[in-house]
Amino acid sequence: MRAFRSFYQNLEQQKRKKCMKFCSLNAPHTSYTAATMVKTETDNRTEKMNMVTAINDALRIALSADPTSIVFGEDVAFGGVFRCTMGLKHEFGSDRVFNFPLCEQGIVGFAIGYAAVGHTAIAEIQFADYIFPAFDQIVSEAAKYRYRSGGEFSCGKLTVRAPYGAVGHGGHYHSQSPEAYFSHTPGLKVVMPRDPIKAKGLLLASIRDDNPVIFLEPKAFYRATVAEVPLGDYIEPLERAEIVRRGNDVTIVGWGAQVKLLEKACDMANKIGISCELIDLQTILPWDARTIEQSVRKTGRLVVSHEAPKTSGFAAEIAATIQERCFLSLEAPIQRICGYDAPFPLIFEKHYLPDTLKIFEAIKKTMQF
Amino acid sequence: MLSWIKRSKSIPKQLILQRTILHSQLVTILNVDGEMVDSMSKPAMKQSAILQSYQKMICMKIMDSILYDAQRQGRISFYMTSYGEEAVSFGTAAALDAKDMVFAQYREPGVLMWRGFQYQDFADQCFGNIDGHGKGRQMPVHYGSKALNYHTISSPLATQIPHAVGAAYAFKLSKEKRIAVCYLGEGAASEGDFHAGLNAAATRDCPVLFVVRNNGYAISTPRKDQYRGDGIAPRGIGYGISFTRVDGNDLLAVYEATKRAREFSLQNNKPVILELMCYRTGHHSTSDDSTRYRPVDEISDFKECFDPLLRVKRYLIKHELWSEEQDVVLKDTERLNMLKALQIAERKRKPGLDTMFEDIYDKKPALIAEQEQEMWEHIAKYPEEYTIES
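Sequence order for the protein chains is U and A.
Oh and the first sequence: position 51 is 51 in this note's numbering, straight run, nothing missing.
Oh and the second sequence: position 216 is 1216 in this note's numbering, straight run, nothing missing.
A few of these clues could be false.
Said to hold, decoys possible - Quick list of in silico lysine-lysine cross-link-like pairs, BS3-like style, CA-CA up to 25 Å:
{"id": "1", "chain 1": "A", "residue 1": "K1099", "chain 2": "A", "residue 2": "K1348"}
{"id": "2", "chain 1": "U", "residue 1": "K89", "chain 2": "A", "residue 2": "K1350"}
{"id": "3", "chain 1": "U", "residue 1": "K89", "chain 2": "A", "residue 2": "K1259"}
{"id": "4", "chain 1": "U", "residue 1": "K310", "chain 2": "U", "residue 2": "K271"}
{"id": "5", "chain 1": "A", "residue 1": "K1270", "chain 2": "U", "residue 2": "K89"}
{"id": "6", "chain 1": "A", "residue 1": "K1175", "chain 2": "A", "residue 2": "K1146"}
{"id": "7", "chain 1": "A", "residue 1": "K1046", "chain 2": "A", "residue 2": "K1259"}
{"id": "8", "chain 1": "A", "residue 1": "K1363", "chain 2": "A", "residue 2": "K1350"}
{"id": "9", "chain 1": "U", "residue 1": "K264", "chain 2": "U", "residue 2": "K350"}
Hints are computed from structural coordinates only; laboratory data are not their basis.
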């Protein structure tokens, strides 16, 4: 297994150049806090991994630990179009790691049935943009399976992974962030990691969680972020936001790939004397309102940012809830820095995205109010 | 070289169109008079099982008529009968193993009845009382039972088809000697999930049996507006799935076809389509008046000529396994039993209001607990306005 890991890592080195074409971001090593991490093994070793290898490692651990678990989707058998399932078919066999016919509603429907008889299904939707054909299965079936049967049946052992978000040149259908659609559905969990360490820990937690989970992976970070990822089996708890940086003047909330931009904006703000508290929401549903509430009570100001369009984006939910809970603490209107209410554009991506400068301006605006 | 390239020829001047209609054979064992079509053969279904199925078919029909009337009286909110399709439920159920996992549409409660669901269980679900499956959360007729291997019904059509395939795949991998059985109507077969499920079942070699109840109508839509091919079963050719078409009013034929299909599916890890041709003699549901879109004679003709109960009854009487007197006694007794279950279900209390917030997740998230608290505080202010109907 170890030999195999180095084999495909070498392979990746060779292909990195090619892959960078697909990833617009070339970010340095991610800083992280491992305070929330729950280790289930006493392996303290770490290894440099990007998000692809971290996810691959999580899937390998999940497949090893649970003999009923299967990994499947479109083009998964040869390693996946993003290489997240590299080597898994070879290691676990074509019954457990396999290609599914090109049909998203089938992938999720099949996974629900597999999970509903108590086995672990890890399904992949090739791009989050193509999860909508499975919307009915996710919203009407997976989310309500336990509730409608009075708790007799459940498809809790279901996890749907999908790459999401801007990638530089993804246009309409290789760039979307659909988390808000799912956030309106009781019964689902929606999880979005920001770096390789979180990706592995949150994915393992999602696979083992007894509820259907939509796990959205920031594809721009698949190869662009690298971190020292623990080699062992560990989980990062779901439903918990993480305070990435402490600060006193303004609370900044984001998730997934957006956290990286928020960090940069925080640095810029710091240079002009504004102390930002940065929170990675991590789980979009059910979300951790309390952590944000406590932060805003302290700072009195809130900026929420996501790539998805502004209207009815998840920032709206956060803004409304925090306004209800922290009305007397708020010293400025809550700022939402989001994608515009347009389909994700190709040539204007740079102008469309809620980038560091837009966030920086929002931080200044909220301070000057 | 690929085999299809080897076989290909240059395109002739006139494009040759393949035949589109197969007119698959319809398998019948008992004719309308209750006689064996092939008098030389012996039915696979044991006489005791035939008798038992017939008795259950009577029970089903009685339950349907009482619960249908209960809805008309406003005692339950909704109901769907299985009139005309009793042989589909009991013929298949009798041929399956009790551990075969059922994923049904909604017009197959007979399968549950065969497996041991009682009048009381049905009535409790329809009333949404404390003992009903699903804690009163779903509409009537959305039955389910973990103990009886029958997944909870949901309203969205055809969603259960890929579920059954996934479950069958799980059984195959864990080498459990059981199959998944998926029931659907011919209308549901037009949904995308039908295509998704069948193609997946074929490519993953899943031991799953698709039982298609082709009853002529999807609410008001007749077959001719639903498809233009030769029904549902021959679609199996396109997917590489074996299929058979059976007279769905003929209990013996349904039983035998199901039995053979199950064996084939289990032994070969392959899906099978079983299309059962029948007629929906009842309305689509209590929210439907079917005489607005189909002639009354058509309904009465089918009731007279193709009634699945009548056919079995004639067979049983011919073989002196049953009599008209026994028939009357059974109907009277079961009517009383069902009415009693209805009255008991009606008097049972509803599940506690706190259950509205349970089972959304395995554990209650903080935000949902807060909403529950808000509800309790509100109700405490206006207790008379929020009494739960019993």
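Checked hints:
no. : hint              : in the structure
1   : A:K1099 x A:K1348 : violated (31 Å)
2   : U:K89 x A:K1350   : violated (50 Å)
3   : U:K89 x A:K1259   : violated (36 Å)
4   : U:K310 x U:K271   : violated (28 Å)
5   : A:K1270 x U:K89   : holds (23 Å)
6   : A:K1175 x A:K1146 : holds (20 Å)
7   : A:K1046 x A:K1259 : holds (12 Å)
8   : A:K1363 x A:K1350 : holds (23 Å)
9   : U:K264 x U:K350   : holds (16 Å)
Checked against the numbered hints listed earlier, the structure breaks hints 1, 2, 3 and 4; every other hint is satisfied.
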